[in-house]
Amino acid sequence: MSKVLLVAEHDGSTLNPSTAKIVHCAQSLNAEAIDIVVLGQGVDAIAAQAAKLNGVARVLTCDRSENANPLAALIAPQVAALSSDYGYVFGPSTTFGKDLMPRVAALLGTGQISDIMEVIDARTFRRPIYAGNAIITVATSADRTIVATVRVASYRAVADDGSATIEVASTTAELPSHTRYVELKSESGDRPDLQVANIVVSGGRGVGSKENFALLYDLADGMGAGVGASRAAVDAGYVPNDMQVGQTGKIISPDLYIAFGISGAIQHLTGIKDAGTIVAVNKDPDAPIFEIADIGLVGDLFEVIPELGKQLG
Amino acid sequence: MDKVMVCLKRVVDYNVRIRVKPDQSGVVTEGVKMSVNPFDEIALEEALRMREQGKASEIFIVSIGTPDCQQQLRTGLAMGADRAILVKTESDLEPLAAARALLKIIEKENPQLVLLGKQAIDNDCNQTAQMLAALWERPQATFASQIEMTGDTLRVTREVDAGLEVIDVDLPAVVSTDLRLNEPRYVKLPDIMKAKKKPIETIEIDALGIDTTPVFTVTDYAAPPIRSKGQMVDDVGGLIGALKEKGFSL
Chain A
1 MSKVLLVAEH DGSTLNPSTA KIVHCAQSLN AEAIDIVVLG QGVDAIAAQA AKLNGVARVL
61 TCDRSENANP LAALIAPQVA ALSSDYGYVF GPSTTFGKDL MPRVAALLGT GQISDIMEVI
121 DARTFRRPIY AGNAIITVAT SADRTIVATV RVASYRAVAD DGSATIEVAS TTAELPSHTR
181 YVELKSESGD RPDLQVANIV VSGGRGVGSK ENFALLYDLA DGMGAGVGAS RAAVDAGYVP
241 NDMQVGQTGK IISPDLYIAF GISGAIQHLT GIKDAGTIVA VNKDPDAPIF EIADIGLVGD
301 LFEVIPELGK QLG
Chain B
1 MDKVMVCLKR VVDYNVRIRV KPDQSGVVTE GVKMSVNPFD EIALEEALRM REQGKASEIF
61 IVSIGTPDCQ QQLRTGLAMG ADRAILVKTE SDLEPLAAAR ALLKIIEKEN PQLVLLGKQA
121 IDNDCNQTAQ MLAALWERPQ ATFASQIEMT GDTLRVTREV DAGLEVIDVD LPAVVSTDLR
181 LNEPRYVKLP DIMKAKKKPI ETIEIDALGI DTTPVFTVTD YAAPPIRSKG QMVDDVGGLI
241 GALKEKGFSL
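Chains as they are written, first to last, in my numbering: chain A, 1 to 313; chain B, 1 to 250.
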């Protein structure tokens, strides 16, 4: 039996929902205990949120000014230093975890399993390759710490009915000065986060312009939905990069996904495979997205969206 | 900047429809078109633009794999790289072993910048750049969508879930490239002819003296569960009706 260390993701004030999902994955390891480490500056509120997650034994805090922003080069040595007590060190498969965890693994002299979607047993896992077009089973020997990222779309968040103890963890890891944070530019506003939203409305090249995306924003706001986009729409400059859904963007699992003017390239479909219900609206009846949509409507999005907004009132 | 190193991986082409072998021992790669990993192509394009702007003097490319990788190195040379190194191995290296091999090349060549794609589109690991930076004890700037160089510092804009993050890294550094960094150039026929004269140095993996023992074993390849085609509706009324039947109260 060994213990699991999870690296919490947060924005400096609030715990990212990905953390509650990777706890769910960690529970399926049947390990001795699950601990969470929160690295940041002024992390008391975040640690309190993490301590409520079901099944967590301890929350460790590494509170120091160098951790004010999540720079992998600074955080990885601290996580690696804490890892010696653990059989597993997991992070979320978000850009935060993807940036950080391989650096942790290399510092520990081991490999990493990316995007765990299923735990088969304590040493065996399943993960997607080729944009989800194949699923491999990966096993590793028992004598080393397993470092991994967890595909958050594969797991539901655990309840926040726990009461873990919160402890200060200090490491003597020496931190480099060669990497410095400058700023974060965010345009996403107040809409629900794509990776947690229950409903996501999404647009592709067919939307035609940045201005036309207002149609989707209006519809989404009426439904309390998040707004996503295909790579084509991002590349064309209609929307910012953080809205991209797919192999190289966000992998999401809303209850309802409604795609407007998205043809359905394999790379996009891999980002929505875990959605509960997929609705596709496209004027091309041969669009590949209809092959996987639960509900399809051949039609002009510029007519369908206003009508949908009206009927949903 | 004196030297830029760019890593190119040979992968199944972006447009190939991937199929799992019937005996679940792998995916079908026989007779399938192979290409340079598209993210690595973006990395090379960025290096070429730096050289064109007078910010880099020499660009060399590195691939790890079978002699077949020379095809992809030739593509890189035709795009404009000055020379190429093939680290020859018959095994499919894990990212950690690849990073160890690349570190050996770095120690030999002393590049100021290493550029490579953020992930390879075959195994989608997204690890090699980060591992290389850790082993080299140098900065990493992953998922780059913009790179500006001032003196010995790079200001890199990174595509992250929350938007665009900007960081400064001191050279030497490792930068992994994202899709919107640039659009790689097309290779012209005269460039392909010229590339034939450019050197490809071959180094046997065993000569590097690194541990390439796999950490993981892949025991099974399976096709993903298929989402079946659902129902088509005729109009918005039908769409709302179908959603209600599925239990959505909109």
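Treat the hints as calculated values from the structure; they're not laboratory data. All C-beta atoms, glycine included, are put in the ideal place defined by N, C-alpha and C. One or more hints might be untrue.
Chain B side only, calculated, beta carbon under 8 Å to chain A, not exhaustive [as the list claims (entries may be wrong)]:
#1 A99
#2 N123
#3 T142
#4 Q146
#5 D161
#6 D170
#7 I203
#8 I205
#9 L208
#10 G209
#11 K229
#12 G230
#13 I240
To see whether the hints hold, each was checked on the structure:
1. A99: Holds, because the Cβ-Cβ distance from A99/B to chain A comes to roughly 6 Å (cut-off 8 Å).
2. N123: holds (5 Å)
3. T142: holds (5 Å)
4. Q146: With a closest approach of 11 Å, the Q146/B hint is violated.
5. D161: For D161/B, the interface hint holds, since the closest Cβ of chain A sits about 5 Å away, which is under 8 Å.
6. D170: Hint on D170/B: holds, closest Cβ of chain A at ~4 Å, below 8 Å.
7. I203: The hint is violated - I203/B has no Cβ within 8 Å of chain A, the shortest such distance being about 22 Å.
8. I205: violated (17 Å)
9. L208: Hint on L208/B: violated, closest Cβ of chain A at ~17 Å, above 8 Å.
10. G209: violated (16 Å)
11. K229: holds (5 Å)
12. G230: Holds, about 4 Å.
13. I240: At about 6 Å, which falls below the 8 Å cut-off, the nearest Cβ of chain A leaves the hint on I240/B intact, so it holds.
The structure fails to meet hints 4, 7, 8, 9 and 10 from the earlier list, while all remaining hints are met.
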